[in-house]
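Trainee: These protein sequences, in sequence, are chains A and B.
For what it's worth, my numbering labels the leading residue of the first sequence as 1, then goes sequentially.
For what it's worth, my numbering labels the leading residue of the second sequence as 354, then goes sequentially.
It should be emphasised that the hints constitute simulated quantities derived from the structure, not laboratory data.
Note that the structure is predicted; figures quoted are calculated from it, not measured.
Treat the hints with caution; some may be incorrect.
As the list claims (entries may be wrong) - Straight line, CA to CA, 25 Å or less: simulated SDA-like cross-link-like pairs of lysine to any residue: (1) B:K584 - B:K442; (2) B:K584 - B:T540; (3) A:K345 - B:Y503; (4) B:K452 - A:P349; (5) A:K345 - B:S508; (6) A:K178 - A:W211; (7) A:K178 - A:I197; (8) B:K442 - B:E387; (9) A:K345 - B:E506; (10) B:K422 - B:K452; (11) A:K345 - B:E387; (12) A:K345 - B:K442.
Unchecked claim - Which residues of chain B face chain A? A few of them, derived with a C-beta cut under 7 Å, are: (13) L409; (14) N413; (15) I438; (16) R440; (17) G441; (18) K442; (19) S443; (20) M446; (21) L448; (22) Y453; (23) S454; (24) L455; (25) T468; (26) T501; (27) H505; (28) C608.
As the list claims (entries may be wrong) - The calculated label-pair distances, taken between Cβ atoms and stated as ranges, are: (29) A:I152 - B:K603: 54 to 64 Å; (30) B:P432 - A:R273: 45 to 55 Å; (31) B:R494 - A:F156: 56 to 66 Å.
Virtual Cβ for every residue (Gly too), placed ideally from N, Cα, C.
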Amino acid sequence: MKGTETTSVRAGYRRARGIMVSVARFLVVLVTTFLGLLAVTFFIGRVVPIDPVLAIVGDRAPSSVVERIREEMGFNLPLWQQFLIYLKQAVTGDFGISVLTTHPVIEDIGRAFPATLELATVGTLIGAGIGIPFGVIAAVWRDSIVDQIVRIIGLFGYSVPIFWLGLLSLLVFYAQLKWAAYPGRLDIAYEYTFVPITGLYLVDAAWTGQWSIFWDAWRHILLPGALLGYFSLAYISRMTRSFMLNELNQEYIIAARAKGLSEARIIWFHALRNAAVPLVTVVALSYAGLLEGSVLTETVFSWPGLGLYITNSLQNADMNAVLGGTIVIGAVFIGINLFSDLLYKTLDPRTRN
Amino acid sequence: MTALLTVKNLRVTYPTRTGVSEAVRGVSFSLGRERLGIVGESGSGKSQTGRAIMGLTARNAIVETDMLKFGDIDLMRIPARQRRIMRGKSIAMILQDPKYSLNPVMTIGRQIVETLRTHERIGNREARQRTLSMLEAVQIRDPERVFTLYPHEVSGGMGQRAMIAMMLVCSPELLIADEPTSALDVTVQLEVLKILDKLVGERGMGLIFISHDLRLVSSFCDRVLVMYAGKMVEELPSANLKNATHPYTKGLLNCLPQIGVHRHPLPVLDRQPEWAA
Numbered sequence: 001m002k003g004t005e006t007t008s009v010r011a012g013y014r015r016a017r018g019i020m021v022s023v024a025r026f027l028v029v030l031v032t033t034f035l036g037l038l039a040v041t042f043f044i045g046r047v048v049p050i051d052p053v054l055a056i057v058g059d060r061a062p063s064s065v066v067e068r069i070r071e072e073m074g075f076n077l078p079l080w081q082q083f084l085i086y087l088k089q090a091v092t093g094d095f096g097i098s099v100l101t102t103h104p105v106i107e108d109i110g111r112a113f114p115a116t117l118e119l120a121t122v123g124t125l126i127g128a129g130i131g132i133p134f135g136v137i138a139a140v141w142r143d144s145i146v147d148q149i150v151r152i153i154g155l156f157g158y159s160v161p162i163f164w165l166g167l168l169s170l171l172v173f174y175a176q177l178k179w180a181a182y183p184g185r186l187d188i189a190y191e192y193t194f195v196p197i198t199g200l201y202l203v204d205a206a207w208t209g210q211w212s213i214f215w216d217a218w219r220h221i222l223l224p225g226a227l228l229g230y231f232s233l234a235y236i237s238r239m240t241r242s243f244m245l246n247e248l249n250q251e252y253i254i255a256a257r258a259k260g261l262s263e264a265r266i267i268w269f270h271a272l273r274n275a276a277v278p279l280v281t282v283v284a285l286s287y288a289g290l291l292e293g294s295v296l297t298e299t300v301f302s303w304p305g306l307g308l309y310i311t312n313s314l315q316n317a318d319m320n321a322v323l324g325g326t327i328v329i330g331a332v333f334i335g336i337n338l339f340s341d342l343l344y345k346t347l348d349p350r351t352r353n
Numbered sequence: 354m355t356a357l358l359t360v361k362n363l364r365v366t367y368p369t370r371t372g373v374s375e376a377v378r379g380v381s382f383s384l385g386r387e388r389l390g391i392v393g394e395s396g397s398g399k400s401q402t403g404r405a406i407m408g409l410t411a412r413n414a415i416v417e418t419d420m421l422k423f424g425d426i427d428l429m430r431i432p433a434r435q436r437r438i439m440r441g442k443s444i445a446m447i448l449q450d451p452k453y454s455l456n457p458v459m460t461i462g463r464q465i466v467e468t469l470r471t472h473e474r475i476g477n478r479e480a481r482q483r484t485l486s487m488l489e490a491v492q493i494r495d496p497e498r499v500f501t502l503y504p505h506e507v508s509g510g511m512g513q514r515a516m517i518a519m520m521l522v523c524s525p526e527l528l529i530a531d532e533p534t535s536a537l538d539v540t541v542q543l544e545v546l547k548i549l550d551k552l553v554g555e556r557g558m559g560l561i562f563i564s565h566d567l568r569l570v571s572s573f574c575d576r577v578l579v580m581y582a583g584k585m586v587e588e589l590p591s592a593n594l595k596n597a598t599h600p601y602t603k604g605l606l607n608c609l610p611q612i613g614v615h616r617h618p619l620p621v622l623d624r625q626p627e628w629a630a
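Next comes chain B alone, as it looks inside the complex (with noise of 0.2 Å):
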């Protein structure tokens, strides 16, 4: 079986007046239809790894890698136009904040109309009725109200299900989320996370998730892989997360609170600067 995409030695930088600046550094893994977790601090390379599987990291940024396939497809070779048409209907992508990714000036009907149009060719009435039944696959439980209200006039969690709806409703087979529900309230999060997670489940697809949340990740994804200054530390599935070897990945793990055990002083990350080398 051809994985779904595998990325090999990827590496970004960005030249700077003083420099260059390296955010990934030689990430390397295969992911099936499966859910890969990547974590890491602020800074540590895990959007960017994101951005740049789909082709979306800033123009300055120089992107190397040995080997970016997804499926038999060389993403790096495909000329710009195929790597466009693919974001939408092969690869899709959700971003953090839905206050921010959404068109403040269109309806979010429109806004997912658009994703069917720009892949298919369908006309305006089936666009609509696919909008509103993915709406409805978002647990929006009145999609035609929400067809036309503008992203300003909906609640962060019914944005960010606007915004999977219009990611997902060309079927993808892989979605990168990143940071999908950081934004959101505690509560809101979980009722994302079950959307995402049964989406997910049931079209097969395979999931990238981006995240600083260790707990919410391991319990989320099938592995995890964890990023640190712009490298890759570990890579291990989320169940022997217990067994993590190398020290950071320990030190994350240290860190999470635990119910009835009183810490004081509270453990923080210690950082060894051969990590990063």
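Chain A on its own, in the form it takes in the complex (with noise of 0.2 Å):
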């Protein structure tokens, strides 16, 4: 019996140097692939056609002045130093002041972002909670009415405009049925007297028991939710079956019905744990698409987040707003990407090394 303990603690030792290594590697890749993210959206300032000084100055200001303020900006100092300070202030979180909303451009980001997270979130588990199993059942019972009925569905998400299915919604759901609130994120009777946290409204109004509110937000993110949540299911479910059918042609499902498995065992268990190894990385990604804002929706429902802020900045040349909030979808993507990579490690023995 010591013998056995001696290798199990061995085995879990080598485990979990292994899960600190790759812990550390996340880290290295997380930094540098940053920093390449800086390094992009310091040019991409430096190449638009769009003068800061001026911006600020207005263009009737005499040269002695614009002369002055592009002095004091820093924009006389070689390029290296300004990236330099360029990456201080970034890692600080200061992004500048936004032309538009004449607020500082972290805290602007920090109000918008919980309200794009917070759609996103609803969104996705709704995506992944429904279109994983309709793929799953869509595999196993391919090419039936079943499968037909899951392809339309899927079809009819991704091909109809999310703009014209949102405001059918909007007539349906809110109009005539009165299932759900109307745009914006929360009543007017609570908008003034509610004070966020996080910034999540579902999560704040929960964590201080403030239940009409909690019901009130989740009215009102009702349908946005299911609408990212469908187009993203379209995805999904289709991602799902096509995993779906390869670990099921394998011959380990073979070998599981010879020990005399039940078939939802086999397919629940062995098939779809086989098959979410792929399917992370495609929830993953889905939900950092919907993560960088999806303008439409937050236009449709008036959701006052990431996307609607960035398109509102691009469009009055607020660039400030603008790099700030490339930067911070940027690091969402990374930080998503690394995620899945980590969790892909966890679910694949192969990929741990």
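Fit the two chains together into the complex; they arrive one by one in their own frames, and the hints show the way.
Mentor: See the structure below:
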């Protein structure tokens, strides 16, 4: 028995070490990718034909003023020095002031991002929660009527313009049936009294036990969330179907049948557990896509999210806000990608080393 | 004595766009607690025969038979659920390549425990104990370690032993081994065969050994059934292989290399259309 214990301890140690190494690698990748992202945004900021000095002083200022401001803003420094300053500011979260809102960009994003995060999370939960079972069922009963129905639902999901579906759903579920609330995140009655903590209204309301607000926020997020969910469901269910078909044709499925396992266990445990490995990437990418902010959905539902914020800033040549938003989106993308890589490793023992 | 398995006029057909494709065309045999080898080239229907007995043909396959009995149980009549329960418990099957036939994301131990817990109501601790002793029975020296390994972490021979352990842990009475050593190195083949031989002998199981290797089958089995194009062309005791009467069997035997004999050109199989008719 003694020998047993040492073996399992050693195996545990080996695995723990493996995890540590991959976390370290993860951090290195995170930092270098982030540096790359900052370099790109810095470069974009220099090449766009918008002079930040003119944006501040206006085009009627005398040239001596323009020159003075240019000097003060550091545009006469060598490029590498400018980049270092930019780096320092970005790392400390200083993306400058938004010309449009007159608030620091980081504050604006701090308000807009949670709104998008909440919406994207609800959307992804719906999309994956329904899309994965749909895909599994479609694969198991392939070419049957069930498969066709899932296929049509999916096809509809990604071919119908989301703003049209959004307006239609408002007409039906808000104006006619009154199941959902009107556009916005909260009713006007709550809007000015509710003090958010994290900015995720559902979480904040539940945390502080304000259940009427929770219910109200839920009724507001229901339609846009379901719409984004439907959109990602279309994609996730198709991918799940093809991954599952691939797994169900593998030899180990025949072996599992030869062991006498039930069909349900073979499908939902053996096959889906293997299909989950590539599915992680699909769900993560779809989530990251929604986190960019879905401009159309946010516009239709007056959702004060990141997509709306960046689009507005872009239309008003508010470069600080656009670049700040880009950095945040890039950071989220990097984070989610790395997270899905880590998840991938825990799901597939063959990728652990 | 009732036979362990009785197969009468087994037919497996697949509907295709251009008509039906007949994989197995009337195979009949009965099996006691003995070793039956089924040999034949690729596409001769030997694997499909094994799958049909297991009830594991592809779902568009049509399996027809005059009789398919396991002991007194009519396999074609019992409900699907009962047939499912018999798999792994009464009839088990070993597949060709452990690289593909073990679930890559489950440890070997869990996969064996799963067979046990599907068929028997036992606790975790007991299942683990029985799994470890089964791993020992297939001559794995370090069962505790192998229990925690994933399939990709073991060699082919070790994987196939784990497969044998997984399929024999519930002590089935009949084992169908579908090319169990074809994916292994020659040296490992012999080890795995020895283990299989020992376990089948000790437990008094019936064995159907499917292979394309006539020499291997004749040395390992009591009887040999030769298949060609979905039909049985000959059935004879291994010892009498030299007295084969069918020209196809003779042709196969003639192709075996002989030490010290220089043959040029190498003999090839001569296929007559009337054998397939």
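Trainee: Honestly, which of those hints from before does the structure not fit?
Mentor: The structure conflicts with hints 1, 2, 7, 10, 11, 12, 14, 19, 28 and 30, although it agrees with all the remaining ones.
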